[in-house]
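**Student:** Residue-level listing of the chains:
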Amino acid sequence: MIEFRQEPKFGTDGPILVMEDLCKSYQLGHTELRVLREINLAIESGEYVAIMGPSGSGKSTLLNMIGCLDRPTSGDYRLGGQSVSALDDDELSMIRGARIGFVFQSFNLIAQLNVVENIEIPMYYQGYSEHESDERARELATMVGLGERLGHRPSELSGGQQQRVAIARALSNDPLIILADEPTGNLDSSSGADILAILDRLHNEGKTLIVVTHDEHIATRAERVVRLFDGRIDKEEFNRR
Amino acid sequence: MFIFRLKRTVKLGFKSLWMHRLRSTLTTLGIIFGVSSVIAMLAIGEGASRDAQEKIAQLGSRNIIIKTIKPPEDQAAGGQQQTLMEYGLTYKDAERFQNGIPDVQVIVPNRRISQQALYRNRRTSLEVVGTVPWYPEISPTRVRFGRFLSTTDMHYRQGVCVLDERVVRELFALDDPIGQDVKIGGDYYRVVGVATEQSQTPASADLESKDATGAKKASGANVGAMYVPLTTVRERFGEMSMQMSSSSGQTLERIELQEIIVQVQDVDMVMGTRQSVQTLLSRFHKKNDYEIVVPLELMRQAKDFQRIFTIVLGSIAAISLLVGGIGIMNIMMATVSERTREIGIRRALGAKKKDIVIQFLSETLILTLSGGFLGMALGALIPFFVTHFGQMRTVITGSSLILAFGISGAVGIAFGLYPAYRAANMDPIESLRHE
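First to last, the sequence lines map onto chains A and B.
In terms of numbering that gives the first Met the number 0, the first sequence opens at residue 0 and continues consecutively.
In terms of numbering that gives the first Met the number 0, the second sequence opens at residue 0 and continues consecutively.
Check the hints yourself; a few may be wrong.
Stated by the list, open to error - Derived SDA-like pairs (lysine to any residue); straight-line CA-CA distance at most 25 Å:
hint, chain 1, residue 1, chain 2, residue 2
1, B, Lys10, A, Gly126
2, B, Lys351, A, Leu112
3, B, Lys54, B, Ile106
Hints listed in this document are in silico derivations from the structure and should not be mistaken for laboratory results.
Excised from the complex, chain A in its bound form (with noise of 0.2 Å):
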């Protein structure tokens, strides 16, 4: 067993995010389906990177791979330092409620939990103590703008409000990144542009960002822009702010 949290943080020197060679493909009857083909990747700890790319071009597979919801098929991937290529199930549950805080398009919270006990979920999962889970997940909605609706259900927020309340709950666990899948992808657009300026506040305080978008105005605002086409690296673009 792995105690995550009595591992030092990682300071900014050396990436956090590290993938080799890493494949992944699906055997579908006799052919084999390549989804990812030798991706290399590497991501600096406090970066803004988003991820591009046309439906098919492994963009759903990748973001699978870096959230350590599936298994490369060969390769090596390596998150905080850890190779995570073969660790089991129960060790990838570990990683992703300690390194990872998934932001979802469709939000993803629990229908029966009120906003702040849909933050502690992964501090539930993480052994946190109740008294401190809670605190911490009233501070955080606070952060988000939802410290008047701390005990709402998610049928009673706007869009833009469980979008908040979802990234409130992928920072309660103080991840290693943050991974956002079409962040924005069910908002209008002023909810979008709240959750957009929330993502930079977070980029500012120094948080790993990685959003998976086909959207180039949100792509605008990363720092560095990686385009997938037909599960390749097809190329990297740095913006200049």
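Once you have looked at the hints, place chain B on chain A.
**Tutor:** Positioned in the frame of chain A, the structure of chain B alone reads:
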């Protein structure tokens, strides 16, 4: 740490179940009825068992009852118009028990005769019991008013009697019976005491129908008793009686005693003494004109029978509990597939398979255990109504409550594990995509 976690898990479980209040309630009903029927069935079984045992115990667990029965018809006697039949227990037998069997503590010889009794213009059927002053020692009969028969009554063959409460009710209504005279045939008997009714146990009623008392008995022997000194009965009624029988016309019967009740000091001596009685009787009785009844033996048989009865009732109820469990499993399967996305979210946010299993298993356990609690309450209520309206005795034992509750917990685990494992083994990526 673990306790805190458990508390939160349970809290979370309640929240999820609360989302579907109606569904959760309906599902729990299955367990409620299952558990309550287990408890109710066991209570009814236990009540019936205790009832039977107490009735038999009233016959006395240290007693051995030897009864006169009519021997199979004599071939030689057939065809004659009038015959004299002589059979049954004798005073000599009682004496032999007294002298020949060391463990015997009390011996009560009884003569029982069915008669009509008269007081003023009231008349009732009763059983004259010719007995000895120490009769109450071996029977549950107790004196309510006045006194029981005395050795002086016995010695002087007094015309006195002790009536049981049933006879008093039928003959005296509101009058005080003590000191009054009751007429039987041509003789008067002065009432010196009132005793409790002799209980009609299933066992003894059954035996009594085979019993050969002097005159014809009222059906079922369900009559009151009048206790008269044995010596008086012997003097006034004699030992002869007329029997009408269809095959050979009139028969004259001579019976000395209808029963001899022997009491030993300790329950352990009962079976040994029974053997001695048997041996002694078989030596002196050529005809098979007696029967030995051992209440202790009956009690054991009743216990065995009741145990089977309880097992049968309990298993029927357990089946309904099983059905309730299947209902729970069904609902949990539906819940799991309905909440696929929640499972995916939790998995993405760091839940291990084990955490998912615990979550769904604890929801199932909350359903079944709360069903178990409510079922216990209902199960305690049903026997109350059964006793109140059904005139049946019921006994709720602590062990039946624990058993039913334990079973409901076991049902929760047994039927909750599979849905929980299904939930845990879902692919997180697939379940996140689930609509």
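**Student:** With reference to the structure, classify each hint as holding or not holding.
**Tutor:** Verification of the hints:
A hinted pair counts as satisfied when its Cα atoms are at most 25 Å apart, and Lys10 of chain B with Gly126 of chain A qualifies at roughly 16 Å. Taking the CA atoms of Lys351 of chain B and Leu112 of chain A, the gap is about 20 Å. The hint holds against a cut of 25 Å. In summary, the hint linking Lys54 of chain B to Ile106 of chain B is supported, as the alpha carbons are separated by about 21 Å, within the 25 Å threshold.
Hint compliance for this structure: no hint is broken.
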